[in-house]
Amino acid sequence: MAEWRLLEPEADVVAELRRAAEVDELCARVLANRGVDAGAALEFLSPSLKAIGAPEEEAWIVAARRVARAIKGGERVGIFGDYDTDGITSSAVLYLALSRYTDNLVVKLPTRQTGYGLLEPYVRDLFADGVDLVVTADCGISNRAGVEVAASLGMDVIVTDHHIPPENPPEAPPAVAVLDPKLWNMDDPLAGVGVAWKFAWAVAREMGDTDGRKHLGRLLDLVALGTIVDIAPLVGDNRALASMGLKHMNRSLAAGAARPGLGALVKVAGVRGALDEGDLGWKLGPRINSIGRIKHARPALDLLLTDDSREAMKLASLLNQMNSDRQQRTRYAVERAMEGVVPEQDFKVVVAGEGMLGGLSGLVAGRVAGATGRPAVVLNRRADGSYGGSARAGETDVDLYGALHEVRHLLGEWGGHRKAAGLSVKAGAFDAFVAGVNEAVRAQTLKQPEILVPPVEVDAEVSFGKLSNGLLDWHERIAPFGSGNQRPVFVSEGLKVQGTRKLWEGMNLLTLEGGLSAKLAGPEEAVPAGAFDAAYTVSRNAYTGGTELEVLDWRG
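Position one of the sequence shown corresponds to residue 29 (the working numbering), numbered consecutively onward.
Each hint can be trusted.
The calculated lysine to any residue pairs, modelled on SDA-like cross-linking and capped at a C-alpha distance of 25 Å, are:
#1 Lys136 <-> Thr334
#2 Lys547 <-> Gly301
#3 Lys494 <-> Glu44
#4 Lys295 <-> Ile259
#5 Lys311 <-> Ala283
#6 Lys295 <-> Ile322
#7 Lys547 <-> Ser491
#8 Lys275 <-> Lys295
Calculated from the structure, these hints are not laboratory results.
I would like the entire structure built from these sequences, with the hints used as guidance.
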């Protein structure tokens, strides 16, 4: 059972926040718990694009000048992205931004069969297509060899990426520029689509585009989608981009002027009312991701680029069907993967049966991690004896990237961050890999035993009387919620259940004494019979507009 840890901000900080932001004590406490000081409170509660740092480092300027030269010289520009939502939205942002200035433009996406990143086969495909300048989107920082192959063929490369740089990232030269903000600030939160959007900003300035700012604003729906679905930390620039992007998306949907592809995707996903970060993360994102897991991701990119509403609905319906197929395949693959779990391992290493995974390794690894309470990697054995797959940290606080870094000498291509990674294990290195990653996780747990069962961090103890719509008003100003800005957690004592019904398998809707409703995951027989204390989050019910709780943990 997880510990409930009450966060205790300093009283004077809370008081100063109350005065500066003109909010109540509970809101001020929540802000203080997120490290927001009085000087930044108003900006945090009302994010705007004015707060976003301009792309002023030398690398942005050099890259933008090279794109401007390519446009003016009629050179062919090739955008190379990724098959997940961040990579697809990054590619779409760059295409839509650069297509204002040139039509000598092509977009290519990788396939899961060949692999992720700017690999040599893709470089040669771009060369065969007559590309003079390659601009990567959400990839490239781990592809030094691919950049060098491109240079040998006479192509220039600009890398735009956000992943943690390896020990030997591409250099400039031979690259024109390497635009990964983590090269100059490891804490930079931008997703790949945020880097792409900033690069589009740099190009617009270089081109002297007086309407560039307006056009960049129209791309914020894609930026919000990619940022939230990639679980990028919603702090700093990301908070402003995600918040403004959601507002732009909802305004355009309400006015019937949304991007046709997003409008169609909202319809097939059955989303009603205003979109929030949950809708993007759990309804739209999986549909965009699904087709790249099973087939080529191109239809997902075409969906975001099309201006034809009928074509958009056709493509959205295809993605919806692919998502249903993906769900069925995932259920089967998870069942099989769980059979291969070794109880003694602290880092679960599962080798999937032949043909079982397809592009589902990340999803399956996440489910295995969730079911076992341990980080997990799910691998396929290749014909040459090597292994390839994905790793996920699940609900643990294990530093996945750090664990893999300890065994990097056993890996081929690999990359990722604290919570997720893609990797390949060299032929003949499997047993050493299993031993090494488990040793790395054990070393982390010796230093921080709680990382396997992270505590529930509680923002405040509150009485039910405070859970009014007034709370929701300021609560929604703290949104969007996600990595780096978690939904506030409250604790209340002495709750009692007056009634219950099953919403769906594994989810119950409780009616609590006092009239509030609450969701509680688990079997029906697990619903508390007597008075209980609960740690929970709150949200606005989409149908009633009232306060609804989601119970995270409870004690009788």
